[in-house]
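The numbering of the sequence shown is our numbering, which starts it at 1 and goes up by one.
To be clear, the hints were calculated from the coordinates, so they are not data collected in a lab.
A portion of the hints provided could be inaccurate.
Simulated pairs of lysine-lysine, BS3-like, Cα-Cα distance not exceeding 30 angstroms [what the hints assert, rightly or not]:
{"no.": "1", "residue 1": "Lys3", "residue 2": "Lys187"}
{"no.": "2", "residue 1": "Lys285", "residue 2": "Lys74"}
{"no.": "3", "residue 1": "Lys74", "residue 2": "Lys3"}
{"no.": "4", "residue 1": "Lys3", "residue 2": "Lys285"}
{"no.": "5", "residue 1": "Lys285", "residue 2": "Lys274"}
Distance ranges between label pairs, derived from CB positions [claimed, not checked]:
{"no.": "6", "residue 1": "Met283", "residue 2": "Gln109", "range": "25 to 31 angstroms"}
{"no.": "7", "residue 1": "Thr97", "residue 2": "Lys74", "range": "30 to 36 angstroms"}
{"no.": "8", "residue 1": "His237", "residue 2": "Arg63", "range": "24 to 30 angstroms"}
{"no.": "9", "residue 1": "Arg34", "residue 2": "Glu88", "range": "18 to 24 angstroms"}
Remember, predicted model here, so these are calculated numbers, not experimental data.
Even glycine gets a Cβ: it sits at the ideal position worked out from N, Cα and C.
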Amino acid sequence: MPKITPFLWFDTQTEAAIQRYASSFSDSALLSIRRYPDGPLDGPMRGMEGKVLTAVFDLAGQRFMALDGGPTFKFNPAISLFVSAATEAEVDRLWSTLSEGGSILMPLQSYPFSPRFGWVMDQYGLSWQVNLASRAQKIAPALMFVGEQHGKAEAAMNFYTALFAHSQVEHVERYGSGDTGEPGTVKQAIFQLDGRDFMVMDSSYEHAFSFNEAISFYVECGSQEEVDHFWGELSAHPQSEQCGWLKDRFGISWQIVPSIVPELMNDPDPVKSKRVMDALLQMKKLDIAGLERAYAG
Numbered sequence: 001m002p003k004i005t006p007f008l009w010f011d012t013q014t015e016a017a018i019q020r021y022a023s024s025f026s027d028s029a030l031l032s033i034r035r036y037p038d039g040p041l042d043g044p045m046r047g048m049e050g051k052v053l054t055a056v057f058d059l060a061g062q063r064f065m066a067l068d069g070g071p072t073f074k075f076n077p078a079i080s081l082f083v084s085a086a087t088e089a090e091v092d093r094l095w096s097t098l099s100e101g102g103s104i105l106m107p108l109q110s111y112p113f114s115p116r117f118g119w120v121m122d123q124y125g126l127s128w129q130v131n132l133a134s135r136a137q138k139i140a141p142a143l144m145f146v147g148e149q150h151g152k153a154e155a156a157m158n159f160y161t162a163l164f165a166h167s168q169v170e171h172v173e174r175y176g177s178g179d180t181g182e183p184g185t186v187k188q189a190i191f192q193l194d195g196r197d198f199m200v201m202d203s204s205y206e207h208a209f210s211f212n213e214a215i216s217f218y219v220e221c222g223s224q225e226e227v228d229h230f231w232g233e234l235s236a237h238p239q240s241e242q243c244g245w246l247k248d249r250f251g252i253s254w255q256i257v258p259s260i261v262p263e264l265m266n267d268p269d270p271v272k273s274k275r276v277m278d279a280l281l282q283m284k285k286l287d288i289a290g291l292e293r294a295y296a297g
């Protein structure tokens with residue numbers, strides 16, 4: 001697993017979405033899938049019997065995770081996946097696949113910033129930007145700071161790159177006096193976290209959405225000390241803390257997860273794995289010792 005992995009919250013369409021995306025991008029595959037127990041289930045898992053609890057998959061050689069979480073959170077354009085395609089033919093092919101059954105936010109055409117670009121929400125609601133450009137990393141999470149978060153893109157980028165090792169700011173372009181955005185705010189920026197590309201931008205337009213839990217970032221931690229470190233640095237909304245999830249000062253959601261958790265939860269003994277799940281559901285910040293005690297019974 002990479003250090004930071006984009007995590008997608010679908011209603012109940014995870015498997016269909018992964019199949020659709022894997023058919024769109026080369027070097028893609030479903031790596032593992034874990035399902036909710038057959039049940040009957042109670043509480044937040046009621047009605048999810050047999051659905052996807054966690055799926056791990058690659059798109060264009062890059063790692064993603066997903067789950068069927070129900071209708072609580074919906075994708076929106078505040079976080080999208082920015083695709084860099086090397087040729088016009090590739091742009092057109094990806095656009096045709098991703099836009100089928102979806103809704104177009106910006107039509108595929110020439111813009112002052114790109115000879116060929118389009119922005120679409122696919123049939124599952126996930127937002128994609130497809131651009132004619134060549135980069136080593138084909139798909140990058142793109143964060144758009146709107147509403148209360150407008151003007152904070154650069155601060156967020158600097159905060160994240162200081163927090164994670166092997167991180168840096170690559171490029172920053174700011175709005176000027178003749179642009180449609182607020183002068184001095186970020187028009188577009190590219191940065192790396194643990195060597196992985198991310199993008200940010202500010203938008204001063206009125207938008208009926210902002211960051212939510214539909215897309216979070218899963219951080220794999222090798223020790224309790226590391227869990228404590230990232231939790232302490234990132235968590236800014238105590239009311240949002242649950243089961244290893246937190247929300248930072250910019251409203252972006254993260255999952256801070258010990259690397260041992262998948263091993264414990266994937267144990268072939270269903271009694272052991274259920275004890276771990278039950279213990280995890282009672283935690284906010286995940287406690288390795290507590291999960292191991294639950295595993296051992």
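Now for the hints, and whether the structure bears them out:
1. Lys3 with Lys187: Measuring from Cα to Cα gives roughly 27 angstroms; hence the hint holds.
2. Lys285 with Lys74: holds (24 angstroms)
3. Lys74 with Lys3: With a Cα-Cα distance of about 25 angstroms, the restraint between Lys74 and Lys3 holds, given a limit of 30 angstroms.
4. Lys3 with Lys285: holds (18 angstroms)
5. Lys285 with Lys274: Holds, because 19 angstroms separates the two Cα atoms, which is no more than 30 angstroms.
6. Met283 with Gln109: 25 to 31 angstroms: violated (49 angstroms)
7. Thr97 with Lys74: 30 to 36 angstroms: For Thr97 and Lys74 the Cβ distance comes to about 22 angstroms; the hint is violated.
8. His237 with Arg63: 24 to 30 angstroms: holds (27 angstroms)
9. Arg34 with Glu88: 18 to 24 angstroms: violated (40 angstroms)
Of the hints listed earlier, those the structure fails to meet are numbers 6, 7 and 9, in rising order.
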